[in-house]
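> For reference, the chains in residue letters:
Protein chains: 2
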Amino acid sequence: MATHKSPGLQTNMDVDYVISYRFTGSDKAKATAQFEKLVHELASVGLATEVRDGVNHSVLIFVKVASEKHLFGEVYRSRVKDWIHGVRPAAPQKEARAALEEEPLHEAERLRIIYQLITNPEEEGGAGITPKEGEWKSVESIFPLHDHEYNKKWIKKWSTRYMLTTEDLDEIRERLGSKIAFYFAFTQSYFSFLVLPAIFGFTAWFLLGSFSPIYAFLASLWCIVFTEYWKHQEVDLSVRWGSRNVSTIETKRKDFGHEKEVKDPVTGEMVRIFPSTKRLQRQLLQLPFALTSASVLGALIATCFSIEVFISEVYDGPLKSYLVFLPTIILTVCMPVLTGVLNSLANRLTEFENYETKGGYERALTQKLFIVNFITSYLPILLTAFVYVPFGSLIVPHLDVFGLTVQPFAENEKQLKTPDTPAQFTINPDRLRKQVIYFTVTAQVVNLCVEIIVPYLKRKGFAKVKKMQSARAVRSGGAVPDVSENDPPEEASFLHRVRQEAELDTYDVTNDLREMVLQFGYLSLFSVVWPLAPVSFLINDWVELRADALKICVEMQRPIPSRADTIGPWLDSLSFLTWFGSITTAAIVYLFSNGGLGPGGKPQDIQTWALLLTIFLYEHTFLVVRWAVRLALSKLESPGKQKEKRERYIIRKRYFDENLSEIHRLPPMSDAKTIVDRESLEEDARESSLGSSRQEDRFWARQKGPNETIQIGSRLIERAIDAVAREGKKSQ
Amino acid sequence: MATHKSPGLQTNMDVDYVISYRFTGSDKAKATAQFEKLVHELASVGLATEVRDGVNHSVLIFVKVASEKHLFGEVYRSRVKDWIHGVRPAAPQKEARAALEEEPLHEAERLRIIYQLITNPEEEGGAGITPKEGEWKSVESIFPLHDHEYNKKWIKKWSTRYMLTTEDLDEIRERLGSKIAFYFAFTQSYFSFLVLPAIFGFTAWFLLGSFSPIYAFLASLWCIVFTEYWKHQEVDLSVRWGSRNVSTIETKRKDFGHEKEVKDPVTGEMVRIFPSTKRLQRQLLQLPFALTSASVLGALIATCFSIEVFISEVYDGPLKSYLVFLPTIILTVCMPVLTGVLNSLANRLTEFENYETKGGYERALTQKLFIVNFITSYLPILLTAFVYVPFGSLIVPHLDVFGLTVQPFAENEKQLKTPDTPAQFTINPDRLRKQVIYFTVTAQVVNLCVEIIVPYLKRKGFAKVKKMQSARAVRSGGAVPDVSENDPPEEASFLHRVRQEAELDTYDVTNDLREMVLQFGYLSLFSVVWPLAPVSFLINDWVELRADALKICVEMQRPIPSRADTIGPWLDSLSFLTWFGSITTAAIVYLFSNGGLGPGGKPQDIQTWALLLTIFLYEHTFLVVRWAVRLALSKLESPGKQKEKRERYIIRKRYFDENLSEIHRLPPMSDAKTIVDRESLEEDARESSLGSSRQEDRFWARQKGPNETIQIGSRLIERAIDAVAREGKKSQ
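So the protein sequences, as listed, match chains B and R. Quick note: the first sequence, position 678, residue 678 per full-length UniProt numbering, numbers continuous. Quick note: the second sequence, position 604, residue 604 per full-length UniProt numbering, numbers continuous.
It is worth saying that the hints were derived from the structure and are not from the lab. Fair warning: there could be bad hints in the mix.
Pairs count within a copy or across copies, as identical chains cannot be separated in the list.
To be verified - In silico DMTMM-like links for lysine to aspartate or glutamate, alpha-carbon gap of 20 Å or less:
no., residue 1, residue 2
1, LYS252, GLU451
2, LYS94, ASP657
3, LYS260, GLU351
4, LYS358, GLU101
5, LYS635, GLU351
6, LYS94, GLU658
7, LYS704, GLU490
8, LYS81, ASP657
9, LYS37, GLU718
10, LYS551, ASP722
11, LYS81, GLU647
12, LYS64, ASP697
13, LYS358, ASP255
14, LYS643, GLU269
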């Protein structure tokens, strides 16, 4: 942000997208031929281009829409397509111009449509340019330019406000698309909800201490209400943002392999399909994947945990204060390797499951990654709470083997000697609390710093290195001419910043969402250990929301807007964590009910049946409460669903008025009264009916019209009442 | 069915409905005035009437539609209304006549619409005649006439077939309405599914005996698959029968008390509302209701159970073989009284909850009645399995108190003496199995007989009594003249049968559904005790399906068709029973794992932790499997949902073709290519742009059209590759 006053930040030169084209190797002809094709493809969909030098073997192609009028046609078509597929309940106005005036085109929609124009396959009317894929490997990135003026205002506004309003979220949706807006909406909802557990967490910490059943129940209840509330909120927001059911028109994956082509039973078009039964079979592979992940990561974490326990609580030799970091180092080295392997395995597995759409692929991948994340995030605390604390004194004596790791440092065998009898060893009862504090405070702060400060330093560092390199090159006389040398002076500062933006990372909202969901997990699973956790989260999330905005503005390329109607599979993760929380919370509350000390390594102190009964009762209370909360929430009208119903009603009404107006000309049944009455007049007809051959006609001809029915009926009634009266008298 | 050859059964005289008007008291003027009003009201909505004598102070009013043409208008309006409210995805044809030809009017729709015409309030275009309510207390019943020819064929067809097809169900829907069709569809699905557990139940019984964990798992799995399958089947059927979302246009309750009138946010009409938050508060009263029911019924059942145990296993005096029936007698006497009280309490509670629609009221009432049914059906077995068997020898010694009940019969104190030590007493391990057999075989058969044979005998008996009475009356000379005396001879047999049908009960499908769901409960909860239960159910249900058809044809008035898109709250009961079954099954399998003998009254033989762990693991396996089954089923395309999607697509498409065709005139973006290319021609414009005051214009004017971009870009690429090559050479 150092160059804020730079004139290059004041205008985007009407550029819609910048394409960074990188040529590798030295084959000039190939590089220029591909470049030529790229520009022709862009021109073929009505995009004007300008080219400038880029850094590191690349040129930058600036793209803008050649004709706004033609773009409007594209926008209108996209909106009609949305409606046909049920994304919007109401059809756009009949007249394209009127439709655009009624619903103005906002930036995110514009950028999304242009991006589709660039990347969609040619048969769908796009240029078919897929960055980093297949033929277009040399297209390194396609990105819109930041609106620095706006960004500056945005950050300033947010940093001086406590709460974000729905209008703030609407603004994000209009500039960055509903997918990113959903992340901010979720985090904002979560943040506002956090005020409650922060209050009763603080009160509980002050009055009740840790492991309070009252706090545990309130926290579980809060988790349920928040999760269920968010589900409704999602529907509301997706209706508000016109992106409901958007997943039905997701972009197809190029790699999707179809087995056969069939006629779509809905639209009648030919579609390529892959049988879902076959996919279900392939999805079963997730089971071994989950087991492998759990055992591999579990083994690593358990080993490091054991080494740590050994060093901190058994080892008594020199360098102890340094050696305790050994397991952390092992983890830091091995964990990324392992998770890397598992992630690529997850990728290949998802590839194998052969999803048709990008959305489907992402969802399936996220589900798999959640398993890995779950283990790395929560297993350490789970081990402490449910293995170390209850069984510590039984297990620690068997930790001799880990003596190997520190043997080189030990001066004698005694320093490595584990206690022979459980009695000699006492567990460290504070370990659980410390660990929870570490994960809920320290790790969160560290994360935040890593997210914001590290990329900043990295950028600064790289810039410095580059400067030094070119200085050295100049000194040695063999300088590659700086790309900016040939820039027209009035464009220099603009091009300088575009080159900087081209080097930035792309923003992936999934990572930020994952962070929030994992944080929610700590609250749901372990906050009973240390009720101040929600307070820490509350503070952290206030900063997080702003930091993420800042990150998008400064550290990342401007994201390409895309649409969403949910936070996706993370929603399932939320539900799962809430549920799992009911089990861990119950278990922790029971295990540490003796003044927070826990069974202290003596499993014989635990009444297994009482533990299981606690879990059983707590979990079922949880399920009943969740059912009640769901029921209650479903009864409340939500503005989004109402809007949807109204729009659906209006379109039917409109169709009705336009096409079914004949209905008003249809006579109501009450008009038939005249026919009923008329019958009495048609004496002749009646006579003939009585002589009719159809006994049905004779039956209906006996009484002519309602008046005769009344006459005869009254006579029947009177006679019957008389008969009863006679009978009554007789029996007296 | 004795009068099958009677000519009165061959025609319904074109009658649509028969109204039985009963006059009480001796006020002739009042009785005839109300009668007059009734006929006028009917005529006012275009219904023709004939009146005839009825039995026991009543007249029968025969009603038929005066004009078929007017009725068609009514039908068309009803279909359009369905579509406006989203019940049908596609609007009917624009032309009413064409619409009726495309979708012919079937009997159930006709009768439903005429019934609405009679009963709907006047402001909605009906005659406002509500039988047995308010002003129309004297209208005893409104019923259509049986089609005896058809019924005969129906029963004959069903009784010679093993399986029912979807077409059979369609036929029911067309004649009796989708609500009753849903009951038959459910029972048929359940029956077909039962083949599986019958097979592995029989195998398990043969090979593995009772309490087999393998059978338990298979049965639970079956319960999950069936419940989840049925949920999908419901959607399919409701789409097939055009009744999806029909609950949105339910008829309003007259007793609904509104708090305020607000404008409907969807339709813009004024609607009366009762705040749902207030209703939620009132619904909380269900909690004390459930507790009261449980404790009152529980106490009665537990007492009778204890008395039975005391008499059969402690008492040793005379008349023992008769006295064992004492608890059954107490139950038979007290249970109906108690359930009657609870049912009326449930009614009043539901009344208080103030539902807007009849459907809402029924749902809420059914939920409450399920609680009562659950306790009366399953508590006896639950007591045996989880109280008597494990704790028997601890409890039986305390049963002295029940000695009081048989003290009058005992000859000495010793006969009433309970064993002093638990060792002296051995429980009867066969009691559980016997009880399950009783509930799954004996009780089912008894029920079936009660349903079919008792009403038959009752009818025959009443007829005989009546004959005898009138014979006596004739002898004593004071005969009330028989109503049939004045019948025209050719109508005599027809009127005779109508008078018979008027005396029949009305059919309530809820009772039959409840029976099936409770049967499913025995299978889910206890069939592991006696794996032959599903075999018994399979046989029973084959008969049940036919018996119910027979019941509707012979024992009951022809039901008034109504629509439904679900079996309603019974679906929730199914899910609940499946879940609860996972808990009881696990507990039973563990408790009786020692060769089926159970803990034999010695609770010290039970490892509580092992019991709880079994339940915990089994229940969670159940939940995971259910989740997987749900996921898998949701992936499979169902014909119903597809049909719905297609119709929704078609209507949008039609609207699109009719109204949005302008879109084809909008030029695609690729047309803008000419604009991009043209730029290169407009040299002058470019020149002037370069001199323009807007730097954005100057930026875009530097390269004229794609060709120049390609030229310049290629030059940039070549230069960069050259530079690298130079650099490379230098460093060699």
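> Taking the hints in turn, state whether each one holds.
Right, here's what the structure says about each hint:
no.	hint	in the structure
1	LYS252 / GLU451	neither (32 Å within a copy, 58 Å between copies)
2	LYS94 / ASP657	both (16 Å within a copy, 11 Å between copies)
3	LYS260 / GLU351	within (19 Å within a copy, 57 Å between copies)
4	LYS358 / GLU101	neither (32 Å within a copy, 45 Å between copies)
5	LYS635 / GLU351	between (41 Å within a copy, 18 Å between copies)
6	LYS94 / GLU658	both (13 Å within a copy, 10 Å between copies)
7	LYS704 / GLU490	between (100 Å within a copy, 19 Å between copies)
8	LYS81 / ASP657	between (24 Å within a copy, 13 Å between copies)
9	LYS37 / GLU718	between (100 Å within a copy, 16 Å between copies)
10	LYS551 / ASP722	neither (96 Å within a copy, 37 Å between copies)
11	LYS81 / GLU647	both (17 Å within a copy, 17 Å between copies)
12	LYS64 / ASP697	between (81 Å within a copy, 12 Å between copies)
13	LYS358 / ASP255	within (10 Å within a copy, 53 Å between copies)
14	LYS643 / GLU269	between (31 Å within a copy, 15 Å between copies)
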